[in-house]
Amino acid sequence: CGAGLGCLLGSPETLSCMEENLQPGPCETGGVSCGARGRCAAPGVCCDSESCVLDPDCSEDVGSHRSEDGGALKGVSGEMLLRLLSLATRQSVWL
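Numbering (the working numbering), first residue to last: 19 to 113.
Since the hints were derived computationally from the structure, they do not count as laboratory data.
Where is the CB? At the ideal position from N, CA and C, for every residue including glycine.
It is possible that some hints are incorrect.
[Claimed, not checked] Label pairs and their calculated CB-CB ranges:
#, residue 1, residue 2, range
1, Pro30, Ala54, 19 to 25 Å
2, Pro30, Ser77, 18 to 24 Å
3, Gly53, Leu26, 18 to 24 Å
4, Pro30, Asp75, 26 to 32 Å
5, Asp66, Met98, 27 to 33 Å
6, Ser77, Ala54, 17 to 23 Å
7, Pro30, Val50, 24 to 30 Å
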């Protein structure tokens, strides 16, 4: 997990973050609270320790959804991010 990045699930990049599994709680993206126990991970996407869902409360206007160069994440919908997360999770099961 990282500011401006959100959380990566089931991808090769996550291998270097295995020490996060030793922490007592889930990582936080720094986004605003959403859902029952989640945080806004990207525009339109709310994630908790179990899954990610579309959530209109995670609007694109929230300041925590900025890339490292200060520009807003544009051109990627929340629905597309959920599809990518789902695909990455399914592929990691087969590896």
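Comparing the hints with the structure gives:
1. Pro30 to Ala54: 19 to 25 Å: violated (30 Å)
2. Pro30 to Ser77: 18 to 24 Å: violated (31 Å)
3. Gly53 to Leu26: 18 to 24 Å: Roughly 19 Å apart at Cβ, these two residues keep to the hinted range, so it holds.
4. Pro30 to Asp75: 26 to 32 Å: The hint (26 to 32 Å, Cβ to Cβ) holds, given that proline 30 and aspartate 75 are roughly 31 Å apart.
5. Asp66 to Met98: 27 to 33 Å: violated (20 Å)
6. Ser77 to Ala54: 17 to 23 Å: holds (19 Å)
7. Pro30 to Val50: 24 to 30 Å: holds (29 Å)
The structure fails hints 1, 2, 5 (numbered hints given earlier, in ascending order).
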